[in-house]
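Chemist: Each chain, written out:
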Amino acid sequence: MSTIKIRSKRFAAYTLVRTLIAHPMETGHNKNDATGELIPAHFIQTLTFKHNGKVLSQCQMGYGVSKNPFFSFKIKSAKAGDKVSISWQDNLAYSDTLEHIIP
Amino acid sequence: MLTTRRRFVKKMLALSGYALGLGFSKISLANWIADNFSRQTFSQSITQLFPNQELQKSDRISLKLPRTAENGSVVPITISSTIPDVDTIYILSEKNPVPLIAQFSIDPDLETYLGARFKMQETCDVIVVLKAKDQYYQTRQKVKVTLGGCGG
Numbered sequence: 001m002s003t004i005k006i007r008s009k010r011f012a013a014y015t016l017v018r019t020l021i022a023h024p025m026e027t028g029h030n031k032n033d034a035t036g037e038l039i040p041a042h043f044i045q046t047l048t049f050k051h052n053g054k055v056l057s058q059c060q061m062g063y064g065v066s067k068n069p070f071f072s073f074k075i076k077s078a079k080a081g082d083k084v085s086i087s088w089q090d091n092l093a094y095s096d097t098l099e100h101i102i103p
Numbered sequence: 001m002l003t004t005r006r007r008f009v010k011k012m013l014a015l016s017g018y019a020l021g022l023g024f025s026k027i028s029l030a031n032w033i034a035d036n037f038s039r040q041t042f043s044q045s046i047t048q049l050f051p052n053q054e055l056q057k058s059d060r061i062s063l064k065l066p067r068t069a070e071n072g073s074v075v076p077i078t079i080s081s082t083i084p085d086v087d088t089i090y091i092l093s094e095k096n097p098v099p100l101i102a103q104f105s106i107d108p109d110l111e112t113y114l115g116a117r118f119k120m121q122e123t124c125d126v127i128v129v130l131k132a133k134d135q136y137y138q139t140r141q142k143v144k145v146t147l148g149g150c151g152g
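For the record, the sequence lines run as chains A and B.
Counting from 1, position 57 in the first sequence corresponds to residue 57 in our numbering; the numbering is continuous, with no gaps.
Counting from 1, position 133 in the second sequence corresponds to residue 133 in our numbering; the numbering is continuous, with no gaps.
The hints are simulated quantities; they were obtained by calculation from the structure and are not laboratory data.
Do not rely on the hints blindly, as some may be mistaken.
Here are the simulated EDC-like cross-link-like pairs (lysine to aspartate or glutamate), alpha carbons at most 16 Å apart as the crow flies [said to hold, decoys possible]: (1) Lys50/A x Glu111/B; (2) Lys74/A x Glu111/B; (3) Lys67/A x Glu26/A; (4) Lys95/B x Asp125/B; (5) Lys54/A x Glu26/A; (6) Lys76/A x Asp87/B; (7) Lys74/A x Asp85/B; (8) Lys144/B x Glu122/B; (9) Lys50/A x Asp82/A; (10) Lys57/B x Asp125/B; (11) Lys64/B x Asp125/B; (12) Lys74/A x Asp109/B; (13) Lys57/B x Asp134/B; (14) Lys9/A x Glu111/B; (15) Lys142/B x Asp125/B; (16) Lys74/A x Asp107/B; (17) Lys54/A x Glu122/B; (18) Lys144/B x Asp87/B; (19) Lys79/A x Asp35/B; (20) Lys76/A x Asp85/B; (21) Lys76/A x Glu111/B; (22) Lys5/A x Asp96/A; (23) Lys50/A x Asp96/A; (24) Lys10/B x Asp35/B; (25) Lys83/A x Asp109/B; (26) Lys74/A x Asp87/B; (27) Lys142/B x Asp87/B; (28) Lys5/A x Glu99/A; (29) Lys54/A x Asp109/B; (30) Lys50/A x Asp107/B; (31) Lys95/B x Glu122/B; (32) Lys50/A x Asp109/B; (33) Lys133/B x Asp85/B; (34) Lys76/A x Asp109/B; (35) Lys76/A x Asp107/B.
Please put together the full structure from these sequences, using the hints given.
Modeler: This is the structure we're talking about:
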């Protein structure tokens, strides 16, 4: 199952796109309660938001972004059937992409 | 036009160089800049991100932030602005070990609007910086944190 969820809603003036990504966003400074060992840093570094193949936003982030990151954007003009996509890549080179069709 | 093989080769070389250049510029956009996200103080971070830039205070940026965050590990923020031609949004938290939370490029097809959730170590100011036409605008708001979020 994809780690990404995308929801969109069209309004008169804009289209709201919300995304929720399942990711631990570990800082690397937290300890495992059971073993007392440091949990290695594991966080998303870049996120790309596209609309019909065009990059609308490139995001660079650190581990200051919350666990299971949430982002929302407003596209000025989008039609039903348009494709939006979210992709992310983390510091351990894992990545995921999801495409969503605006209803 | 006289077309010799030499000319053809030269053209192809020029074109491939151009394509390479394009490719690289795309990569650099997506590149994660480690220095921006290193452990540093807030003032170091500002110097690193905006060298020799004046961050003008602006009341045209509106922030939706809680006054008190019960749990510092999830602080919701909504940013919107009436400043035209904004191309980058930066979110910083003054007392976090890594002050820069995230930076977003904003295409003209997007409204100057952003929603996100981030972590706060302790009570401090949250600073949002917008870049528009090579000018920098900032606004800040204090958030009281009851339970620090960087350990969670």
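Chemist: Run the structure past the numbered hints and jot down the numbers of the failing ones, going up.
Modeler: 5, 17, 18, 19, 24, 27
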